[in-house]
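Just need the whole structure built from these sequences, with the hints factored in.
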Amino acid sequence: MTTEIRSNADGLEFKQFGKRYRKVDGDDKVTGQAVFGADFTAKGSLFAKIVRSPYAHARIVSIDTSEAEAMAGVEAVCTAADFPSDVAGDVDTGEVEIGIQFLANLIMGRRKALFEGHPVAAVAATDIHIAEEAARRIKIEWEVLPAVTDPIEAMAQDAPLLHEGLIATSLSGSADAPSNIAGHMEGGKGDVEKGFEESDVVVERTYRTALVHQGYLEPEAETVHWHADGRIEVWANSQGSFPLRQNMSNLLGVDVSKIKVMPLEVGGAFGAKNTPRVTPIAAILSQKAGKPVKIVLTREEVLKATGPASGAVVTVKMGATKDGVLKAAQSRLVFGAGGFPGSPVLRGMQTIFACYQPENSKVDAYDVVTNAPRVAAYRAPGATVATFCGESTLDDLAREIGMDPIDFRIKNASKTGDSNVDDEEYARIGIVQMLETVKASDEYNRPVKASKNGFPVGRGVGIGWWPCGIEISSARIMVNHDGGVDVTIGAVDLHGVRTGTAQVAAETLGIEPEEVYVHTADTEGIPYTGNAAGSRITRTLSQAVYKAGVSVIDQMKAKMAVRFGVDAEFVEYEGGNFYARDNQDSKVSFKEAGSLVTKNGSNIVATASNDPGMRAANGYAMAVADVEVDPDTGKVQLTDFTLFQDVGKCVNPTQVESQMQGGAVQGIGWALSEEYVYDDQGLMRNASFLDYRMPTALDLPMINTVILEEPADDGAFGIRGVGEPPIVPPPAAIGNAISDAVGVRMGRLPMSPERVFEAMKDSSK
Amino acid sequence: MPNFDYEAPTSLMSALELLAQPGENRPLAGGTDVIDQLKSNRRNADLVVDLKRIPELLNIESNGSGLHVGSAVSCTEVHNFTTEKGGFAALAESTELVGSVHIQNRGSVGGNVCNAAPSADTIPSLLIHEAVAHTASASGEREIPLIDFFAGPGQTVLEKGEILKELVLPTPSANTASAYLRFIPRNEMDIAVAGVGSLIEVDPSTNLVTKARIALASVAPTPVRAYAAEEFLEGTKIDADAIDKTADLAVGSAVPITDVRGSAEYRKELIRVLTRRTLTICLERLA
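As they're listed, the protein sequences go chains S and F.
Counted the way full-length UniProt numbering counts, the first sequence spans residues 1 to 765.
Counted the way full-length UniProt numbering counts, the second sequence spans residues 1 to 287.
Don't read these hints as lab results, they were simulated from the structure.
Treat each hint with caution, since some may be false.
What the hints assert, rightly or not - In silico DSS-like links for lysine-lysine, alpha-carbon gap of 25 Å or less:
1. S:K112 - S:K139
2. F:K245 - S:K765
3. S:K139 - F:K39
4. S:K765 - F:K268
5. S:K547 - S:K591
Unchecked claim - With beta-carbon atoms standing in for the labels, derived distance ranges:
6. F:A151 - S:R22: 53 to 59 Å
7. S:S451 - F:A240: 16 to 22 Å
8. S:G253 - F:K39: 18 to 24 Å
9. S:P447 - F:K85: 39 to 45 Å
10. S:G89 - F:G152: 55 to 61 Å
11. F:K85 - S:S451: 32 to 38 Å
12. F:K52 - S:P447: 31 to 37 Å
13. F:A174 - S:V30: 47 to 53 Å
14. S:Y444 - F:E61: 52 to 58 Å
15. F:V101 - S:E143: 46 to 52 Å
16. S:R685 - F:A228: 31 to 37 Å
17. F:K52 - S:H519: 46 to 52 Å
18. S:Y444 - F:K52: 51 to 57 Å
19. F:K52 - S:P146: 48 to 54 Å
Stated by the list, open to error - Here are a few chain S residues that sit away from chain F, every Cβ distance over 10 Å (derived from the structure):
20. E97
21. G99
22. T126
23. A177
24. Q357
25. D482
26. N577
27. N600
28. S673
29. R685
30. F757
Note that the Cβ used here is the ideal one computed from N, Cα and C, for glycine as well.
Structural data, given as structure tokens:
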């Protein structure tokens, strides 16, 4: 491991930060003791199987559930008819949004199935084998309709129409007729035509990317018990207990306070588990059966019918002068949303040129429905695709004007106070500093290692930007009778939240992380906390913990003042000890003081949330990738890879590294091997981990990490989001490395062996 | 997955009796294919007969008549045995490629053969080493040259109640070398887009090839031999030009389909590359 921290943190020094504190949930996870969704079975639980559309686009003529209902062991069957038909209110599905009526129809298809695997019925039985057999006995008469999975084909006037009432909206108003275009968004500044005229070199390319899946280890697995008195208990496999409760309330028409969501350990989510998929189905079945109902999806169901990331078609045009001034940048982004509107194309539009300040820019973004699974958030949704397209074009432009690609980037880089195509002004950022760090690094300057096979080798870079989210996080700190500290949080722990929170609480309270025990509460145990999404938890939760911690210290000072016989304002807390200002010998440790002041039934407790006005701290990461390319087969082997990321302030390097490595590896899979393959009927041909190829350990070199610290403006500790930015630059860096190695510009993801082979063959013609 | 019965007999005779019973009865020699096929409803079974406790099916030995591999011997054991004894380099290589380490520990070479996937990694190696399948059923035994063992994708010439008992590979001469290479987009846990096993015997005094065997995976409904390439190479002095010509001829024996793992054209190109590379490795091994 070659991790190092290069800090520019202006004296922001914290005793408990930068330490490789042991992951508090690690032992349970590596020994198999941790309870995940599939591990939990409620007493008397039924097991459910979802009946799914075998067609990509089909009208439901009739559903006959009678034979299934008559089977011994079957206790409930449901279809869309059992769900509330009029739903209202907001739903929170994280960084990729969906309207509530669309969400209801996504969860249980009504009248029409819009993608292969779209749920249309479900069965709950005393065991899963009976449920599976009963699911097969539900007779559905279908009217199969032509399907379209490609977003460009879906935009055509004669394309099969998914939603008869879907009218595109844009800045210039609404379209006249329904189409598969759900929305058209525009952004930019200046006059791009003028910018291209003033350019010495203009490069224009079109790129195409496939749908990809988050590939989380744990399939969706949930249990719901709808009690006879109307209370609903949910043992959840979700990124946010409170958003799930809110969504369930609106989808089912039940008061929020009647729903209790209890988070279990989550085996990976990456944005996908912000969208409720099986919970409402389990709820309706439980209501009908009067017993708890458990649903665990198979991997095939996960791939075919949960929320992957959009496939896209993106055109990028960039122009610059010979001396490296980026005169104009233009892009047209078309993102497939799957069966219902709401792809992250807006995020693609925000991120594609975010690291730069072209003098003129224009971005058009189209959200298009297709007969594919409705997309969900996936780690910096939209940014990875947009960055691949933007950075590939920019690299070619730099080569054509004969400028070092990093110098060209530095010359045009965004700085603090600049604004993006959406006119959002950047808070403190250090993009130039990152580019200069990479330019000076050994990773960028040392020669690319020669291939043992004698194959061509190359190196590429790419930088990517992600705004990161904010929302609300809440924490409660309570001092126990033995002086130990409980911290209760509402955030689901997807990646080290409990460990980082222990460090933040220890830092705030002047004690050691081992003296802090962090609990994840259910929805009755703590105020509202948003989804663990958008790289936002450590940034927001640390401020909540800090505020609660300051209150705890104040309360303890007031109580110690009575013991010291002075006014509270004369009590100091320093170096882990309380003392009366005029008596240094009066020192009492936090633990001792905690025990003393809570003895006679007196509580020390404080609850806080982060400031609602807190701003997103922009994140950005840069990758340096070395590859060798087999000239006979087109297979690309990554031989060296380093990710540089600005995390603002690093709480726990081990956890930051693993976020960086995990994100980088997902980006590498996206670059080289992962894709949904559809046939002309719109059916997925590779719905297993055999043919949906995520990288294995043997496919990867060590992912080296360099942590940079340019602290964020606000928040208690200068922390930026960490989770999402690492996935953004890898495909761009790898595409640029392939170009460096064999001189071909890859316009499609993944850059699989056959595609690289074909591209090399075409270029040698 | 529908319910099925399970038996784990400890003698070959009782296994054959169980398999001869009416109904759909499936032998299991590791289970890494059949369990997955049952779970995903791609195959059905009334009865699964586990062969992993039958001593003669677990035997691997090398004697005067060649290498004997019991049909339930795991890929790992075959790999270790052939690596230690030498003489079957292609088989040693291919048994280390099947699936993953876990699958190699559990799955058998016999199972890989009987599953009869066109992409099976061990089959080209067995074909170039001229393996003979010894089968057994309640009504008797048969010896079938392995090249005649396959009837189509997932299909063999085994009859109801008949199982593969062992594979017998003649001991190659000292002047023989073999190699197996497959192409996969990843570096493990994958299925061959194309695979090539090559074996050559070269007369050291003349440098002429006295025997050539080339077998291809994933480019036809069954594993196939590249006869035209073999015929060309036999009697030829092997050098880079001869290898290129052989590789071109091997492509002619490939009749691949286009599917999610690769196009027909790409697979043909891979046969050319892999034939060239395996023959080059054989030459290095003979040097």
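How the hints compare with the structure:
1. S:K112 - S:K139: Satisfied, since the Cα-Cα distance of roughly 15 Å is no more than 25 Å.
2. F:K245 - S:K765: holds, 23 Å
3. S:K139 - F:K39: holds, 22 Å
4. S:K765 - F:K268: Answer holds: K765 (chain S) to K268 (chain F) is near 19 Å, not above 25 Å.
5. S:K547 - S:K591: The given pair, whose Cα atoms are some 20 Å apart, holds under the 25 Å limit.
6. F:A151 - S:R22: 53 to 59 Å: Since A151 (chain F) and R22 (chain S) have Cβ atoms about 58 Å apart, the given range 53 to 59 Å holds.
7. S:S451 - F:A240: 16 to 22 Å: holds, 20 Å
8. S:G253 - F:K39: 18 to 24 Å: violated, 38 Å
9. S:P447 - F:K85: 39 to 45 Å: Holds, at about 43 Å.
10. S:G89 - F:G152: 55 to 61 Å: holds, 57 Å
11. F:K85 - S:S451: 32 to 38 Å: This hint holds: roughly 34 Å between Cβ atoms.
12. F:K52 - S:P447: 31 to 37 Å: This hint is violated: roughly 53 Å between Cβ atoms.
13. F:A174 - S:V30: 47 to 53 Å: This hint holds: roughly 50 Å between Cβ atoms.
14. S:Y444 - F:E61: 52 to 58 Å: Since Y444 (chain S) and E61 (chain F) have Cβ atoms about 57 Å apart, the given range 52 to 58 Å holds.
15. F:V101 - S:E143: 46 to 52 Å: holds, 49 Å
16. S:R685 - F:A228: 31 to 37 Å: holds, 33 Å
17. F:K52 - S:H519: 46 to 52 Å: holds, 47 Å
18. S:Y444 - F:K52: 51 to 57 Å: This hint holds: roughly 54 Å between Cβ atoms.
19. F:K52 - S:P146: 48 to 54 Å: holds, 50 Å
20. E97: Its Cβ never comes within 10 Å of chain F, the nearest being 32 Å, so this holds.
21. G99: Holds, because the least Cβ-Cβ distance between G99 (chain S) and chain F comes to about 34 Å, which exceeds 10 Å.
22. T126: holds, 15 Å
23. A177: holds, 36 Å
24. Q357: Given a closest Cβ separation of 39 Å, the condition holds.
25. D482: holds, 47 Å
26. N577: The claim stands: N577 (chain S) keeps its Cβ more than 10 Å from every Cβ of chain F (closest is about 55 Å).
27. N600: holds, 60 Å
28. S673: violated, 6 Å
29. R685: Answer for R685 (chain S): violated, closest chain F Cβ roughly 4 Å.
30. F757: Label violated. Min Cβ-Cβ 7 Å, cutoff 10 Å.
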